[in-house]
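Trainee: Now for the letters of each chain:
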Amino acid sequence: MIREIPNLKSFGPIAAIFIVLLILPPIIPRFYTYLLASILVTGLLAMSLNMVLGHGMIFQFHHGVFYGVGAYAVALIVTKTSLPAWVGFAAGPIMAAVVGLLIGWFCVRLSRLYFGMLQISLGSLLYVIVFRWYDFTGGDDGIYGIPMPSIISSSKSSYYFILIIVTISLTLLYLILKSPFGATLEAIRDNPQRCEAVGVNVRRHQLGAIVVATFFAGIAGVLFVVLENFVHPDLLFWVLSLEIFIMCLLGGWFTFAGPMLGAAIMVALRTFVGIYTEYWTLILGVILILLIFFLPEGVMGYFLEKVSPQSTKARERTNE
Amino acid sequence: MEFDLAALGTQFLVGLSRAMILFIVCSGMSFVLGVLRVPNIAHGSLYMIGAFAAFSIFTLSGSSSTGFWLALILAPLVVALVSLIAERALFCHLYEREHLMLLLFTFALMLIFGDLVKIIWGAEYRSITAPPFLKGAVSILGSSLPRYNLFLLIIGPAVAIGLWLFTNKTKIGKISRAAAVDREMVGAVGVNVSWVFAAAFVIGCYLAGLGGALVAPTVSITIGMDHTIIIEAFLIVTIGGLGNMWGALVGSLIFGLTQSFGALLWPQFAIVFPYAAVVIILIWRPTGMLKSVW
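Just so you know, the sequences run in chain order F and G. If you read the first sequence in this note's numbering, its first letter stands for residue 1, the second for the next number, and so on. If you read the second sequence in this note's numbering, its first letter stands for residue 1001, the second for the next number, and so on.
Worth flagging that the hints you see were computed from the coordinates, not collected in a lab. Be aware that one or more of the hints could be misleading.
If you anchor each label on the Cβ, the simulated ranges turn out as follows [as the list claims (entries may be wrong)]:
#, chain 1, residue 1, chain 2, residue 2, range
1, F, V87, G, K1118, 38 to 44 Å
2, F, P147, G, W1164, 57 to 63 Å
3, G, S1220, F, D234, 45 to 51 Å
4, F, D135, G, L1008, 24 to 30 Å
Ideal placement from N, C-alpha and C gives every residue a C-beta, glycine not left out.
Let the sequences and hints guide you as you build the complete structure.
Mentor: Here you go:
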């Protein structure tokens, strides 16, 4: 079903990056291995959001919820049942997709901002339940020290596990976006009315995209547990969702790899600024303002102009 | 648990007074949203700054009851000043930009304010005490109610009336209402729209600061209180109808009351009830209960 084979020109650098990521861990200090893994996990999360945000123009404001659901599914299966962790690994993405289907089903009826608001409210409902349900989810204490299968419990092996899963996931995401399904999604983004007119079931299609995106967010959630061995309700908190949103904008939505770049910038910034000062969000805020003032087109302006009716409305409004 | 009428009445009044705080904060947010059409994510941070400023003023003036009244008057003004500086120095240059940029900017402000508060006031828990005659409890129809909550029940409607008078009876209020409906026309008749925006932004932020100063004696003041209030404010403004002041009131009442009755029904999950109410309302009426001004 793939219409265009990824050309070799773009395949070269990707393979190079992959090989570099493959051979780095034995050379670099352990801390950097952890940092790389963290970037990969966060990047996968951001790219899964971008599948609906950038390629579908669906305002998925509370994407962090599905990340959290994936992570909690693993954590609960490992700590509360005697099932092997691998069952949890499979259950994480599936649970995330199921929750994505439920929440998405309510939300797709609405457009843009209202979609986002309903999703924030549904996501917050889930957050407060996880936050307060001490008996089941550990409440705001979270669950710490989740045991992982011994084969992926060392820092190097967990890194390779994450690298392999992220690579597979991104390949799948890429193939999905290049498939007729992805093309239709982008067509809906660019002109929903026309798509409706030619017989595309717009809402069902968007719902499908949401389920796929939440599935991958669930995978990212599972990998988070593999990396950090804990879960906390903050994974479902709206601040995290907004951070992922900003990673997409920062790296460039409407590009496939942009969100990964945005995630790398954010994670690296947090880590390295965090070494020197605890006030890293202050620095992030300042950088964000500088970006808004001096690099608006570089980040996303060009695309906004092209795609969003809302932004053209904003343009009309401001061009008075 | 026994469901006696007095406890129910107390819970109702407590919920009502909680709703008043929410209303004061949300009306400010709704006002900014209506005029500037930007959901101000930094609104919660200004609420937090209001609470911390109230703490500082209260402590500086010797923790007396005069200090409390001074804090109540000055803290919102401090917040208004902070917002004025942020607006005139940075925000006003962005009005020509895309909507999402404005949203991002307010998020950046939230990040900066959050850390500034941490730098200035530290991460400890702070508290202030209300003056003696606002302490203790009063009995209303057999239900006992802390006097401070009664005080809030008076302040809330006063703010609502004040805001109504401002938007309906004063010139700047009328202009800002007009700008909310049709800003091109407001600009065309020779009003400096940029200053209208500034005024609306500062007034909205003043209300956030007022909410923060008012809530200060009832909670422990700490960093992180911005994150909770902002999501609540967002949801309240949405279920009320974007930019609609009375919608903010209705939304706050629903949020405050469901939470306090939830505390009676199932204390552990009290906080779940208002969110569930919001979800039900949004599924029923996605655009909010009252007409949005957009």
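Trainee: Now tell me, hint by hint, if it's right for this structure.
Mentor: Hints and how they fare:
The hint said 38 to 44 Å for the Cβ distance between V87 of chain F and K1118 of chain G, and at roughly 42 Å that hint holds. Taking 57 to 63 Å as the suggested C-beta distance range, the pair P147 of chain F and W1164 of chain G conforms, at roughly 60 Å. For S1220 of chain G paired with D234 of chain F, a C-beta distance near 20 Å fails the hint of 45 to 51 Å. Take D135 of chain F and L1008 of chain G: their Cβ atoms lie about 28 Å apart, and the range 24 to 30 Å holds.
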